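Chemist: One-letter residues, chain by chain:
Protein chains: 4
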Amino acid sequence: MNVVLGPNNYGKAETRLVHVRRDGPEHELADLTVSVALAGDLDGTHLHGDNSTVLPTDTQKNTVYAFARDGVGEIEDFGVRLARHFVESQPSISRSRVSIAEHGWRRLGPHSFARTGEGTRTVVASFEGTTAWVVSGITDLVLLNSTGSEFHGFVRDRYTTLADADDRILATAVQARWRHAGAEEKDWAASFAAARDALVGAFVDTHSRSLQQTLYAMGRAVLGVDGIVEVRLSLPNKHHFLVDLAPFGLDNPGEVFYAADRPYGLIEGTVLREDAPPPGPAWSLAG
Amino acid sequence: MNVVLGPNNYGKAETRLVHVRRDGPEHELADLTVSVALAGDLDGTHLHGDNSTVLPTDTQKNTVYAFARDGVGEIEDFGVRLARHFVESQPSISRSRVSIAEHGWRRLGPHSFARTGEGTRTVVASFEGTTAWVVSGITDLVLLNSTGSEFHGFVRDRYTTLADADDRILATAVQARWRHAGAEEKDWAASFAAARDALVGAFVDTHSRSLQQTLYAMGRAVLGVDGIVEVRLSLPNKHHFLVDLAPFGLDNPGEVFYAADRPYGLIEGTVLREDAPPPGPAWSLAG
Amino acid sequence: MNVVLGPNNYGKAETRLVHVRRDGPEHELADLTVSVALAGDLDGTHLHGDNSTVLPTDTQKNTVYAFARDGVGEIEDFGVRLARHFVESQPSISRSRVSIAEHGWRRLGPHSFARTGEGTRTVVASFEGTTAWVVSGITDLVLLNSTGSEFHGFVRDRYTTLADADDRILATAVQARWRHAGAEEKDWAASFAAARDALVGAFVDTHSRSLQQTLYAMGRAVLGVDGIVEVRLSLPNKHHFLVDLAPFGLDNPGEVFYAADRPYGLIEGTVLREDAPPPGPAWSLAG
Amino acid sequence: MNVVLGPNNYGKAETRLVHVRRDGPEHELADLTVSVALAGDLDGTHLHGDNSTVLPTDTQKNTVYAFARDGVGEIEDFGVRLARHFVESQPSISRSRVSIAEHGWRRLGPHSFARTGEGTRTVVASFEGTTAWVVSGITDLVLLNSTGSEFHGFVRDRYTTLADADDRILATAVQARWRHAGAEEKDWAASFAAARDALVGAFVDTHSRSLQQTLYAMGRAVLGVDGIVEVRLSLPNKHHFLVDLAPFGLDNPGEVFYAADRPYGLIEGTVLREDAPPPGPAWSLAG
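Protein chains in written order, with the working numbering: chain F, 552 to 838; chain U, 552 to 838; chain Z, 552 to 838; chain Y, 552 to 838.
Among the hints, erroneous ones may be present.
Where chains are identical, the list cannot tell them apart; a pair therefore holds if satisfied intra-copy or between any two copies.
Pairs of lysine to any residue residues, derived as SDA-like cross-links and limited to a Cα-Cα distance of at most 20 Å, are as follows [stated by the list, open to error]:
no., residue 1, residue 2
1, Lys789, Ala811
2, Lys789, Trp656
3, Lys789, Ala652
4, Lys737, Leu556
5, Lys789, Ala714
6, Lys737, Thr682
7, Lys789, Gly668
8, Lys789, Val776
9, Lys789, Arg567
10, Lys789, Arg813
11, Lys789, Ala827
12, Lys789, His654
13, Lys789, Tyr809
14, Lys789, Asp812
15, Lys789, Ala810
I should point out that these hints are in silico values taken from the structure, not numbers from a laboratory. Treat the numbers as computed from the prediction; the structure is a model and nothing was measured.
So here's chain F without its partners, still in its complex pose (with noise of 0.2 Å):
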């Protein structure tokens, strides 16, 4: 049996690191979880132990640190600054993918802040060769319309139960991702609140005969953001069934649910300008 090494790669995942920056008359706080990942030359350490090759992982968390201690910045041209360093300082190493969330504060004083839960920032930096893309994203971001939302004209085959749907509430969890067409230094915040604003205004101006119709919405608004070529989407439907109080003499028009766990539905999909160039490596890496 001849036996090969396939692709593969290694790094030090979900570094977490608060920055403070304290030049001004407020403190700035950064709240990042980092995660790195490295391929290249990496055959002697699989086939032979021997790790002549290999930065440790755990000098890949000592980079994260210090290179906090120049700034953080946009999460976009911090992930590319590490990318960009481990491809270029490590012979051996020829791709590298960091990927970062980013923990949302409010301001509540000079020096003090409290923990946000609407939506988590997040990028996809890769470098290879002499060259950077970055994917920008948002996750957890839950989003809910009480009305304004259909289900109908669907298949009806032997397993099918499920009635029509006139008026129900849609709630889901954004999960999107989207690639730039350059990793050129550009207003990272501007861009992603663009696009955080496009999302959350589609969800709720959409009014739904599907969930994918909302996606396919979303998707097309943030690639209105300048510079922004392609979206990808993965919403769970997340369920709430009326209640049937007619056991109890009571109608339900409409007003009380039960918020289901799971099963959920899972629709994913991606949305993308028709001359979009080719995506790299980040793209099918960033999940």
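Position chains U, Z and Y relative to chain F; hints supplied.
Modeler: Showing chains U, Z and Y alone in chain F's frame:
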């Protein structure tokens, strides 16, 4: 060996209820997780499997949904309504406890909402005889001060290696419960908002020499809210350790931190008015 | 307004300790999560930020690791050693509580192990004055009977829709704690194994007409273990609902079930010897 | 701006199915979590809310339960049955993927079981045209060697502080997936058992100079199982750090460790037969 049945209770836990109030131009949303626990004459089912005094937990769930048909209102009132119902309608039930967590949503439009994560409002309502007790609270409120916190002057023994800290990050996830002098109807929303503001304000404004000092200040502040007589706080010390960057030739003047998961300090304490009336059963059961 | 400090405690929670005993041909592994809580003369730190009576939680963590240098042994003994130490060595500390969870590993070889998931052994040891108390227990032990469980003859009110069940699945995740007559040294491993076997045996062998009946049988069985005087059980009813396959032209003779997450029944009760001595502080603190 | 719909799929995720086989003197239990994803001609629902090609996810859930009426058998067969059904019965669906996790239970008696935690068996079955593909796997299998692991000879750069390790704990939570040359019926249970034993055996028997070396040995071992042509492994390095007890006047000869949560190393790699046929869609979709 003579064996006897000691204290016991049973009920339906974590019923997920979403209520939409549709009677105005804008919908109002209430998103609750409701747990019921009942105690009373339940020897028969334990000793002989005689269920003639057992109201099924399935019925308790149905009751939660049926009562929501009349609207939810403030969770203190909804909790007392439910707690009273089980005792008054079931001869075998002498004491009830209804615990509710209200998950926050921020309005995005007339019928649209985003889930927020800045603390979950809670209540434990209990009923016994003809009396109701109410314990209000908040959980998962994560706060951080990036300065204004010290820790020194502590006991040093053989196992102490901790250095004095003159300026550290102080962060916690507030879990607070407070009991009211009585359970008569009042403006629970205003009371909760005032208690929450008092907790946050005291955390922000206290120059802290220990998390215990901050805890006491937070408790004392809540007692300034009309009708609140006792506060119980459980505050994890979410450690943020300054990273030693010296091996990389870098200083670290309070800027780069490692946010640790485990272990964590845990500070728990009660602050009360000297003239507080004795607590009812909801207090000892409030956890 | 006169405000006073009520009951309070502090400590280091969830210190993760793995100990390898290397003195024989095979290694022995102990994998513990240890939480310490101390109470005593702590007014100064709460009221004035005076930490002169505060042993840092960091020191408590160090102590856990340093004590492990002499070996861990049974968690009851390790818990009492630690609990006693803090009270005896710290003039300001009058009462301590040490909670330990021991995670199970199955031997694969002389130095190799696989993590098991059939229940986690626990202990809460407390110390006050010159006395130790020990509460042993188990959590996360998930058991299921696929027959031999009924539920009928219950109360029916306006909100009851549940049908009688003559043959249902009964499943639970056992959380049990039991206290011993004394904390003197004994064969804790044998005692734990006997208590665990008693719980499992009673669950398996009881033809159940309610989960309460099963709970009482389980508690009674544990009291048959030498030196155990009281048992506290918390048993979620992990509902398995028979799926209605009639719309698809199929019967369902007790074969196809939906395993629900929430809500769930929760049955809690205490079973004790009539002549049980009064419990120490570890009992009320054991949760 | 011309916008187009890219790759997309939808389905019901995490349907919880428990099946009891009652046709012998002992019951047989199958406890599955089933997720379905379908792709095909779904432009209408995305672009116009036209659901005429959409089989509801609710129907997919019903189908899972209805198919279970005939028994579950091996999850590879059950997955293929379901995956084939959706493509063959729905003109609009051209590709399907069915992911199943089988939760383990240990027999306690003829009708009694305890949930085990030593790894969850998984499958991803996909169907397209007239062909099925099967990817089997295991998750949550936590393994530890208390010796026989080294790590040295690695790259040192400016950010490297890690010391050489001659004898460390090596621990991981195995996530493995392997694809079969074909999806024809075979003894899936025996194949799974052999693959699982190969993974465990290689972990135990490999004297490791890096987790990568162990990964490769584990993959190579699985390829020794008949019909398996490619293995993908994702191995977190669950760090156990030796605690420095020197400040307390104690040595620590490899006995007392701190088990860290985050960050952790993450080693991912693929090992395959040189003559492996090209993979089907289940492979790239298997995550």
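Chemist: Does each hint fit the structure? Answer for all of them.
Modeler: Hints, one by one, checked against the model:
With identical chains, the CA atoms of Lys789 and Ala811 are at most 20 Å apart both within one copy (7 Å) and between copies (16 Å). For the identical chains of this complex, Lys789 and Trp656 are inter-copy neighbours only, at 15 Å across copies versus 26 Å inside a copy, given an alpha-carbon limit of 20 Å. For the identical chains of this complex, Lys789 and Ala652 are inter-copy neighbours only, at 19 Å across copies versus 23 Å inside a copy, given an alpha-carbon limit of 20 Å. For the homomeric pair Lys737 and Leu556, neither the shortest alpha-carbon distance inside one copy (39 Å) nor that between copies (27 Å) is at most 20 Å.
In this assembly of identical chains, the alpha carbons of Lys789 and Ala714 lie at most 20 Å apart only when taken from the same copy (17 Å versus 29 Å across copies). For a Cα distance limit of 20 Å, the shortest separation of Lys737 from Thr682 inside one copy, 16 Å, qualifies, whereas the shortest one across copies, 47 Å, does not. In this homomeric assembly, Lys789 and Gly668 come within 20 Å of each other (Cα to Cα) both inside a single copy, at 17 Å, and across copies, at 17 Å. For the identical chains of this complex, Lys789 and Val776 are neighbours neither inside a copy (27 Å) nor across copies (38 Å), given an alpha-carbon limit of 20 Å.
When the C-alpha separation of Lys789 and Arg567 is checked against a cutoff of 20 Å, the pair qualifies only between copies, where the shortest distance is 12 Å, while the shortest distance within a copy is 30 Å. For the homomeric pair Lys789 and Arg813, the shortest alpha-carbon distances inside one copy (9 Å) and between copies (14 Å) are both at most 20 Å. In the homo-oligomer, the alpha carbons of Lys789 and Ala827 never lie at most 20 Å apart, since the shortest distance is 32 Å inside one protomer and 41 Å across protomers. For a Cα distance limit of 20 Å, the shortest separation of Lys789 from His654 across copies, 15 Å, qualifies, whereas the shortest one inside one copy, 23 Å, does not.
Taking the shortest alpha-carbon separations for Lys789 and Tyr809, both the intra-copy value of 11 Å and the inter-copy value of 18 Å come in at or below 20 Å. In the homo-oligomer, the alpha carbons of Lys789 and Asp812 lie at most 20 Å apart both inside one protomer (7 Å) and across protomers (15 Å), since each shortest distance falls under that limit. Taking CA atoms no more than 20 Å apart as the test, Lys789 paired with Ala810 passes in both settings, with 8 Å inside one copy and 18 Å between copies.
Hints 4, 8, 11, counting from the list given before, are not met by this structure.
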